[in-house]
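J.: For reference, the chains in residue letters:
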Amino acid sequence: MPDLDAQVKNEGVRILRLCKDLSEFILSGQARKTYLVETEHFLEYIKKSLEAIDEFVKQTITKEMPPPLAKVRLKGFDLIREGLSWIYIFVKEAIDADTLSIPYSLIIFLNYVATELQKPEKVSLVVLGSSDLMYYKYNLKNLRNLTRHIASKVIKDYPVLPEDIGVLKFPYCAAQEVLVNCILFHEMGHYIYEKTNLEQQFLHDIESNLTTFVQDNKIIEELKPKDPDLAFKKLFIYVGGLMSSWADEIFADIVAIRILGPAFHFALLVLEQILRTDIKRNRNFSRTHPADDFRFKIHAKWLNKGIWDDIIKDRKPDVFDRLKECEKLEFEKEDFSISCEPPLGEDKDLKEKLHTWMFEEFEKMVVKVEEEALAKTAGQEPISDFNKNKNESNDSLITKALEHGVVPSTVYDKKKQKRHPNPTTILNSGFFFYLGNMDSLLEKVESSDSDIDKRMNYEKRLNQWLAKAIEDWQILLMENKL
Amino acid sequence: MSVLSRKEIKDRLKKSPEDLESIIITPLLNEKFDHDSIDLRLGCYFRVPAVTTIECVKPYQQDTVEHYGELVHKPYIRGSKINTLILQPHHAVLASTLEYIKMPGDVSGQILTKSSWARIFISIASAPWIHPFYRGCLTLEVTNLGNVPVALPVGKPMAQLVFIKLEGQIKLEKDVIEGSYAGAVMPEAPKFKA
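One line per chain: the protein sequences are X and L, in this order. Reading the first sequence from the start, the letters are residues 4 to 485 in this note's numbering. Reading the second sequence from the start, the letters are residues 13 to 206 in this note's numbering.
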């Protein structure tokens, strides 16, 4: 008969030591570094979790307990350990995400925008560096459920992960980049999508429509499975999983386009260039993402709706050619396909029939996604600032400033009136400048560096100037000087 | 050699960056200038001498120089929650101005400690001369010459910039960006060139 009481004490002490180490790690980071309010909020939550675990375990191991209770406690420790394994990962990432290790001013703007969109709800987007060369929104659903579970089953006072917290990841080496990090606004879109009830609605509709489709086409009958209910469930998991992921992506893209305009599209193109040496046309829908060309079709449509089209049509045509081509693509013309295998055995006709049906249904979903994204971003008209005074737009004043190596947070027009362009304008003009005007800046630079070094230095400078301009805009906003 | 007056500074501020006589100062939070200078604020970034394993800083060995000053960020916060960096007695730190400056082609600049700061034994510049056409946030070498620690408040005026017009006939032809620190938005590690 094992000594359960001793086992509780041993395991408890191990948990206490881990809690202590993690708390000290957080304190050492906080003593040396500066964090955004949102990251502090996240770290405070983690500290409270550790304190709750510490208190509970200390109380538990100082009491003698009969074997049945000891068994319950050991089970509780399993759940606590599961919680600690999440905390373990996040503590390191959050401590590393001090204001010098993230695109600081862009993330302040990101939280500002997200708060505006989600009013009156609180928003706290924590941006952490990722070791993957990609951007994503971390799915906190499981962690939130786990914290609820710990609170209901083990530690009464255990804090549930606050609803306002969202975690976004960016490649850690891109901390000083402003332009490519515009992709974070797409990840913010995922956070907003999660707060809508679109996913539930979609899954409900998909299940009901799939039932009809399967019955009408006698799909389950043709498959002749041992368990028809299980076969349908598997099919629903496949169809629902793919289509709700695609809808999420399209929603996030539209939100990013509505907030940032072409800057988001450019950022995606730049990321594509970083990730792939050979950029092939992508017309395949994957398990997680719609085809790039379908996304670009949506970008083109929403850039057009936002009147950005007037602005971009005369610029760098090679950048926009792909958008124009993608705009013409149609599901009906079989321009797209799905690169996944449904659980339908080897039957190719059945697979084709299902995928065609999925595209038909997805088109209907896109309409709803567009309506919701438009409603969520209502009142966001960044273009009005970009193109203010057509004769002498903020864009042209920013371009002039950048050509002369100047941070474009204060610009003067011909009438000697002062203007402070908003971050959306700064990012778009910055991107247009990066894509088409860098040479005009480099001509002014007298340096003994090689052309490549000069270009690299001044691309870095450009990102620094844009970050500074956004930071200045925030300072001017705080000081009521806008 | 003559010093630009408040009126001339204001006139030049409104000129386009293309204009070789233009002055750019951004963000300009207070436009109440002195008669002959403008106030500049303490920025949010610092380079603090690091506790390092480097035995000796050798100026022409970039690896010994690059990480000698450790970058520290103190974000700008308004009102009662002013962010500060505590500077110990007889210690120095590199800081920069909150304002990004572009100098005209016919004007040099000199940066001076504001007198109130000098009276608590803070000095902000040991390399105070700014060349024509320079652009960037100005680096401040802040030293506490006193005997007690001093809190340096982010976003508060600490320096004065005086513009000095070059004598003789200056023929301005084109804008030039030159120098290792041109375009810097925060204090950067030194770049010694042999």
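Hints in this document: simulated from the structure, not taken from any laboratory. Cβ coordinates follow ideal geometry from the N, Cα and C atoms, glycine included. Watch out, some of these pointers could steer you wrong.
[Claimed, not checked] Computed footprint of chain X on chain L, listed as stretches where at least three residues anywhere in the stretch have a Cβ under 8 Å from a Cβ of chain X:
#, segment
1, 19–30
2, 77–86
3, 123–134
4, 183–189
[As the list claims (entries may be wrong)] Under the rule of at most 27 Å between Cα atoms (straight-line distance), these lysine-lysine pairs were calculated in the BS3-like manner:
#, chain 1, residue 1, chain 2, residue 2
5, X, Lys403, L, Lys27
6, L, Lys205, X, Lys419
7, X, Lys457, L, Lys205
8, X, Lys447, L, Lys27
9, L, Lys177, X, Lys51
10, X, Lys417, L, Lys93
J.: For every hint, state whether the structure bears it out.
T.: Cross-check of the supplied hints:
1. 19–30: Since three or more residues must qualify, the claim that chain X covers the segment 19–30 of chain L holds, with 6 doing so at under 8 Å.
2. 77–86: holds (count 4)
3. 123–134: Result for this restraint: violated, n = 0.
4. 183–189: holds (count 4)
5. X/Lys403 <-> L/Lys27: With a Cα-Cα distance of about 12 Å, the restraint between X/Lys403 and L/Lys27 holds, given a limit of 27 Å.
6. L/Lys205 <-> X/Lys419: Violated - the C-alpha atoms of X/Lys419 and L/Lys205 are around 41 Å apart, more than 27 Å.
7. X/Lys457 <-> L/Lys205: The hint holds at about 16 Å.
8. X/Lys447 <-> L/Lys27: With Cα atoms ~19 Å apart, X/Lys447 and L/Lys27 stay inside 27 Å; holds.
9. L/Lys177 <-> X/Lys51: Roughly 60 Å between the alpha carbons, so the hint for L/Lys177 and X/Lys51 is violated.
10. X/Lys417 <-> L/Lys93: violated, 38 Å
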